[in-house]
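Both chains come to you apart, so use the hints to assemble them.
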Amino acid sequence: MIFAATPEAATLLVELGAILVALALLGRLAARFGIPSIPLYLVAGLAVGEGGIVELVTAREFIESGATIGVILLLLLLGLEYTGEELTAALQNNVPSGMVDLVLNFSPGLLLGAVLGWDYRAALLLGGITYISSSGIIAKVLEDLGNTGNRETPVVLAILVTEDLVMALYLPLMAGLLIGGSALAIGIEVTVAITAVMTVLLIAIRFGDKISAVVFDRSDENLLLSLLGLALLVAGIAEHLQASAAVGAFVVGIALNGPAEHAARNVLGPLKHLFAAMFFAFFGLQINPADLPPALALAIGLALVTAATKMATGWWSAKEAGISTPGRIRAGATLVARGEFSIVIAGIAVAEGIEPELGPLAAAYVLILAVCGPLLARSADPIARQLGPRLQRTPTTR
Amino acid sequence: MTQIHETKLPGVGTLHDFECQSGDRVGVISHHGDRREIVIYDPNDPDRVSESAAMTADEARVFADLLGGTTVTERLDNLRQEIDGLAIDWLPISPHSPYAGTTIGETALRSRTGVSIVALVRGRRPLPAPGPEQALMADDTAVVVGTVEGITAAAKLLSRRPR
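In the order they appear, the protein sequences are chains A and B.
Just so we're aligned, residue 1 is where the first sequence starts under the numbering used here, counting upward by one.
Just so we're aligned, residue 399 is where the second sequence starts under the numbering used here, counting upward by one.
One chain only, chain B, in its complex shape (with noise of 0.2 Å):
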């Protein structure tokens, strides 16, 4: 498993950056607000950056994609955890969810899945035990509890694009 790191930058956001096994040095700066960096290491000076590129939060996603999948899958996969049956999991709000902007109870999620929202995490702030008319955000991340079937369920009404 790559072994990333994590460098706080004050004032600006917050720094991510690895090695890779050819030796590339790269990284991706979270700036306050929305955008992303990404930047390259100089191979002669592994301490300088010698590319980048910013982009905005949605480029970011795009870019993402490109490189390998949803991160929503990837999620899935990494983050479930199963304790005889019932799961739990992060589910990402995305911007293009028609449930941003909502509350919990128009989202019907209980009933269509029998998935409970057990707490909403904005930024880094949570909001455990939301009631039904707390509002959904797009960027929020959703803590759900359920069934594997029901959880994959929520998943896809969640992220769900309009068509």
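Here chain A stands alone, though its shape is the one from the complex (with noise of 0.2 Å):
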């Protein structure tokens, strides 16, 4: 007998079934109000970990594995989003916009993080977890309001490629940041680990067609091995570069492309939606309920803070585009949301243990705008339309 033939083997199967399933109603219950299943997923690993309703003992330990290849898989297939060129025209046409939501939303988690008197790379940490938009809510939130073909959408599209980007250098940095040492040590494997970073980027724009043509493979079986073999060993060997695991992943997905690319999603998207949903319900595991309530006003605060920030940011970009008043209102709200990647961030920090109050104020401060920004993005169309009708006129430039 392979399975079942322990006790603990028999406990591990009921606590993931029931987790799973758990899961599972929750995503029923966010898709009837139309928010995403991110938030939800947290609070059902606020649930099952130290101080909840139960406390998971035997699964929790596959959880945290299933969430590793959840942060990988993740990355993978927003890679898989973008092709090698879109990153180089991200790289020429958005740099003014790219920088004003840097500065604008960078600055509130860092500077907070500052006030609060945390360790420097804390409060660094904080500011990657403001900044960076979910480009996982957002693309949904387009798609279901029917939003992808309006001309504010290049803009938004724009800015959550360059946030990606971004990521690309900022978690190889942080990695060097964290393990320490002198500023030498520390400026050395932040240069070898970006350097890794940008090499493998640009083998990956370069000879994608090439590495995707060996990679294919009609069968969904040898494609699934093949592909998910190649994404684990690359971002393997980048977290051992102190590259960050995430980065490794995703570059390879941006490598994919043509039929590979095609087939990748359809055969990783499903063993996405499960290891995703097990790395958000991981985090949520590794907090304790307990110490939500004191970081909740901190949270909300800087839910506020940033939404503004974010809604400048979305303004503006849209502003320079030629974009009449009702789309900058749906630019900015659009924006708003933060999802995965802050939690990606709020991750490491919580792995490390550098700061225990930014992972409570993370998880509450995701929870919050992970559910307002989507709620936010609806009601742009009736805040343009209160705000007179005279908006809709003002004529547009092309």
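None of these hints come from the bench; they were simulated from the model.
Heads up, some of the hints might be wrong.
Said to hold, decoys possible - Calculated pairs, DSSO-like style, for lysine-lysine (alpha carbon to alpha carbon, straight line, at most 27 Å):
id	chain 1	residue 1	chain 2	residue 2
1	A	K210	A	K272
2	A	K140	A	K319
3	A	K319	B	K406
4	A	K272	A	K140
5	B	K406	A	K140
6	B	K554	A	K210
None of the values given here were measured: they were computed from a predicted structure.
The structure is reproduced here in structure tokens:
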């Protein structure tokens, strides 16, 4: 007998099954109310962690490994969404809006960390958490609202691509800083890591076609094993070089294109749903719900400030692109949602244990903005209409 | 001639849109993969899509046919450039083509029509100077050189639907 041979194995199955059923029910609930499932997965994790309603004992280890794979799949599929050309175009065209975005949205987190007297690395991590919008949630919102073809949408997408590229440098930088040591050692570490990322990124953009042709296979089974194996290998090597596993997986996603990309999305999509859910639940699991209420006031304040700064970023960038007022409001409102990336960054902080307050604060912050972001995006058009029909006729330039 | 705007949507695909003489603004989103979406803009807020319809690649082809003739004949009209009796043209290999999945050699195009395939375009990637062993795939575009009559015959052969 392979399965359920020991009582422990039986418990593992029961715990794992129960948590997956719970996640499924929460996902349905989220869909009914038109909110993303990420915040509910976090809540589920909170409920089964230390200090939660029930504490998972046996399945915890499995979920932890699942969470590691979840990050890799999240980033791999994010990379698949982009082609090399889109990234190089982003680098050439989006510098002004990318800078505005970075300055307006990184600063609030960084400053709050500094005011609280945190370690500078914890403050930098909080800056990253408030900086990065959720590509996943926003893509879903654009699709659900039928806004993909809107003229402000390229502006929104350009900001998201730029943020994802910034992450490819930010994560190795943070990994280097977190190891610590002398300034020189950190400098060397970070330079090596970032050089490695840039080199691999260039290879991915340059030779993506060839790599994809080699990886592609008509059999879903072979394709799944080659893709997952390749992603885990590159991610693992990247992690060893302190360049962050997530970034490694992202680059693999970028390298794939053509038939391999299409097929990868089909075979890896379901796996991503499973493991990404585990990742969000695991983050919740590491946080004691009792720590949330004290962090709530700060989280609400930070959410309000950074919702405003994202609105301003979207408004400014849309205005630069010649979009009229309703479109500027939509662009701003759409960008407010924070989600998976903020949790990836917060997860690093929790794993390193550098600042005990950061985990609960980040959890509460993401819970608020992952729920309110899409709601705000949904109400952008009604808000614009409330502001008066005069706005609707603002002349536009292309 | 209508001026069509092309906008890249990173992570999504490409948007083409234009304004009709009626003042209506319409567009097509070509998603990565082969999904197409037709969008119509709100007359009161020209930045906003008010209506959209999603279709598969096959449905989009049907829709294009309904809107006006076959795209193949239009391509022939628009793109043919004659150079002293020599014509060059771009022939799409439709998924219905009997030659999708065969090699260039197997089409015997040159002996049957006198037309040579000088390049293939697959996705965004050109495959210049393909040999007879090169496979043709659905949705490739064959760049062909020959006489006007030869190319017309070749277009018919390559696009013929199976009986």
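Hint check:
1. With a C-alpha separation of about 25 Å, the suggested pairing of A:K210 with A:K272 holds against the 27 Å cut-off.
2. A hinted pair counts as satisfied when its Cα atoms are at most 27 Å apart, and A:K140 with A:K319 qualifies at roughly 24 Å.
3. Using a Cα cut-off of 27 Å, the hinted pair A:K319 and B:K406 holds, with the two alpha carbons roughly 18 Å apart.
4. For a cut-off of 27 Å, the pair hint linking A:K272 to A:K140 stands: about 15 Å separates their Cα positions.
5. Under the criterion of a C-alpha separation no larger than 27 Å, the hint pairing B:K406 with A:K140 is consistent with the structure, at around 18 Å.
6. With a CA separation close to 33 Å, the supplied pair B:K554 and A:K210 exceeds the 27 Å bound.
The structure fails hint 6 only (numbered hints given earlier).
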